[in-house]
Amino acid sequence: MTDTSTLARGGADASAPSRRSRKRERGPGLSPKAVPYVLLLPGLLVIAVLLLYPLYQMVEMSFHKVGLRQIKAVNPAPADFVGWDNYTQILGSDLFWSSLRNTVLFAVVTVALTLILGTLVGLLLNKLGPKMSTFVVVGIMAAWATPPTAQAIVWKWLFDSDSGIVNWALNLLPDWLSNLLFGHADWSGYPWFNDTLTLYFVLIVAVVWASFPFIAVSVLAGLKSIPSELYEAAKMDGSSAVHTFRRITFPLLRPVFSVLVVLSIIWDFKVFTQLYLLAGGTVNRDAFNLSLWSYAEAFSSPPKMGLGAAIAVVLTVILLLITFVYVRQIVKTEDDIR
Amino acid sequence: MSPLARRRLGRAALNAAGVVVFLFAVFPVYWMVTTAFKPNDQIFTTSFIPFPSPPSMDHISRVFTKGVAGHSIWQYLFNSTLVALSAVVLGAVFALLAATAVARFRFRFRTSFLILLLIVQMVPAEALLIPLFTMVKRLGLYDQLLGLIIINVGLTLPFSVWMLRTFVAAVPKELEEASWIDGAGRFTTFWRVLFPLVAPGLVATSIFAFITTWNEFVYALTLIGDQGKYTMPVALQFFVGQRSTDWGGIMAASTLMTIPVLIFFLLVQRRMVSGLVAGAVKG
Numbered sequence: 001m002t003d004t005s006t007l008a009r010g011g012a013d014a015s016a017p018s019r020r021s022r023k024r025e026r027g028p029g030l031s032p033k034a035v036p037y038v039l040l041l042p043g044l045l046v047i048a049v050l051l052l053y054p055l056y057q058m059v060e061m062s063f064h065k066v067g068l069r070q071i072k073a074v075n076p077a078p079a080d081f082v083g084w085d086n087y088t089q090i091l092g093s094d095l096f097w098s099s100l101r102n103t104v105l106f107a108v109v110t111v112a113l114t115l116i117l118g119t120l121v122g123l124l125l126n127k128l129g130p131k132m133s134t135f136v137v138v139g140i141m142a143a144w145a146t147p148p149t150a151q152a153i154v155w156k157w158l159f160d161s162d163s164g165i166v167n168w169a170l171n172l173l174p175d176w177l178s179n180l181l182f183g184h185a186d187w188s189g190y191p192w193f194n195d196t197l198t199l200y201f202v203l204i205v206a207v208v209w210a211s212f213p214f215i216a217v218s219v220l221a222g223l224k225s226i227p228s229e230l231y232e233a234a235k236m237d238g239s240s241a242v243h244t245f246r247r248i249t250f251p252l253l254r255p256v257f258s259v260l261v262v263l264s265i266i267w268d269f270k271v272f273t274q275l276y277l278l279a280g281g282t283v284n285r286d287a288f289n290l291s292l293w294s295y296a297e298a299f300s301s302p303p304k305m306g307l308g309a310a311i312a313v314v315l316t317v318i319l320l321l322i323t324f325v326y327v328r329q330i331v332k333t334e335d336d337i338r
Numbered sequence: 001m002s003p004l005a006r007r008r009l010g011r012a013a014l015n016a017a018g019v020v021v022f023l024f025a026v027f028p029v030y031w032m033v034t035t036a037f038k039p040n041d042q043i044f045t046t047s048f049i050p051f052p053s054p055p056s057m058d059h060i061s062r063v064f065t066k067g068v069a070g071h072s073i074w075q076y077l078f079n080s081t082l083v084a085l086s087a088v089v090l091g092a093v094f095a096l097l098a099a100t101a102v103a104r105f106r107f108r109f110r111t112s113f114l115i116l117l118l119i120v121q122m123v124p125a126e127a128l129l130i131p132l133f134t135m136v137k138r139l140g141l142y143d144q145l146l147g148l149i150i151i152n153v154g155l156t157l158p159f160s161v162w163m164l165r166t167f168v169a170a171v172p173k174e175l176e177e178a179s180w181i182d183g184a185g186r187f188t189t190f191w192r193v194l195f196p197l198v199a200p201g202l203v204a205t206s207i208f209a210f211i212t213t214w215n216e217f218v219y220a221l222t223l224i225g226d227q228g229k230y231t232m233p234v235a236l237q238f239f240v241g242q243r244s245t246d247w248g249g250i251m252a253a254s255t256l257m258t259i260p261v262l263i264f265f266l267l268v269q270r271r272m273v274s275g276l277v278a279g280a281v282k283g
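Chains as they are written, first to last, in the UniProt record's numbering: chain W, 1 to 338; chain P, 1 to 283.
Note that these hints are calculated values from the structure, not bench results. We put the CB at the ideal spot given by N, CA and C, even for glycine. Each statement offered as a hint is correct.
Over 12 Å on every C-beta distance to chain P, these chain W residues come out as not near it, computed from the model: (1) 80; (2) 83; (3) 95; (4) 97; (5) 175; (6) 235; (7) 244.
Between beta-carbon pairs, the in silico distance windows are: (8) 101/W to 192/P: 56 to 62 Å; (9) 104/W to 115/P: 23 to 29 Å; (10) 74/P to 183/W: 47 to 53 Å; (11) 267/P to 324/W: 33 to 39 Å.
Here are the simulated BS3-like cross-link-like pairs (lysine-lysine), alpha carbons at most 25 Å apart as the crow flies: (12) 72/W to 229/P; (13) 33/W to 173/P; (14) 127/W to 235/W; (15) 137/P to 65/W; (16) 72/W to 137/P.
From just these sequences and the hints, can you work out the full model?
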């Protein structure tokens, strides 16, 4: 880049040959047609080497048996081609159905709760006065900013069996009520992380807590962009709050919602960090989702990288299908892309 | 009830709801910070102690002096900072060049490139872990922070380009044309005219990439085996023991790890939202 520009500035010199100064009129330096490609090249290389090639490799590995001897740094052994074996092994495994169930159920519940809570908070922020609104935004920012590892650790602490504050609070419930709701009254030492269902309950709480702020702030930004005349007109016509939301707010925010839905699905489908930490690594096979299962197979001893890659392919295909909807939406709303 | 009283009641209800949301969002963070300052007998208890009395610096000083997994927390903070800063600086250069290309020029594969960006962003980083692990291993970069830096450049680049291109597009093209007419070369124009105007956007994008890299867990977990090279998210795990967890220590370390992110978040919050839902929110 530096080189071509010095050349260009040299071209501006009065003593330069006329052929060069003619070239300058078209724009200095490189031929204008080449410039965008030159600018794009480094970034494109990074994406090709670090994202596209591994994507291809992942698919290739899923058809091979890749173990310790194949991933050695020095003289790796060639991997045996096994055809669809890895895939048939996955589909035949009990873990496939349990981890697919965990992945999908978790995503559905979490996405729904995040969007409902986030939208309600966004609507609330829009109604609050400026001071109160800033106060709440700063508060939810704290939840959003907490790193995923810290999120998992904090919620694990809140739900700790012996000294966790959740068990303390549940013990405050009157015994009859606790019995009625949960079937037992004594919460001291209640282990939340032994059972898959309660483990996922904590995971859902933690992830919803961390992700609703983004939805709320995005919905708020969307609401601010709706002209207030529309609401005044609706009010004049005697429209009820629910009716106004259904007929004005929701249709105008539809593009925002569709992007938020897809982004949330993608984030929640592949949740790894929080699950890994709450489940305490890969010990509890019953709690696997697809990404944790893939990790567990690939990095167990002995490593089964091919099998892990095949699970990752299944996860990626599901996500790319969902992404397709997202990309279509973006291409539709963003005129600039075309 | 008079309309005025009803409106006041409505306002009070809204404010109350706001306070509830605030408490739900803040309480876990509050609990993390206060636990970090509680002496052990106030942590391992079955009663509710809302505030450390008196606050103790034991855990904070312990994570710095004794640390965890054989190293002071300074080491892990240093590793995390080194990885995040290097990845951000490298990524920013690539992202700025690519963003300028797509925002300033019309060329044949422009749309294809933008769609490619969108799609690769959606490929789960967790899925690429296995091929990238073998790649890093073959290149001899296993157990080296350099490997982690390179991976993070790749993971953050698509989003950085996507976010940055709107900032480049926002700079009026006339300014650059004026600079050319005045005889400045492409590089001078870029450096003296475009760059200063895009700088705020570049800062916002870089902060976002910094946070992503700072928080990154799964690659740091698998690509680094040497405890002295752990980053913060990985080191945190080692407070969790077989039988008991050092809650005071882990909360102190988590607090230290969260502070920089929180500060950055408050700085770029507005821009981040517009970057993430770019195009969907129409003004």
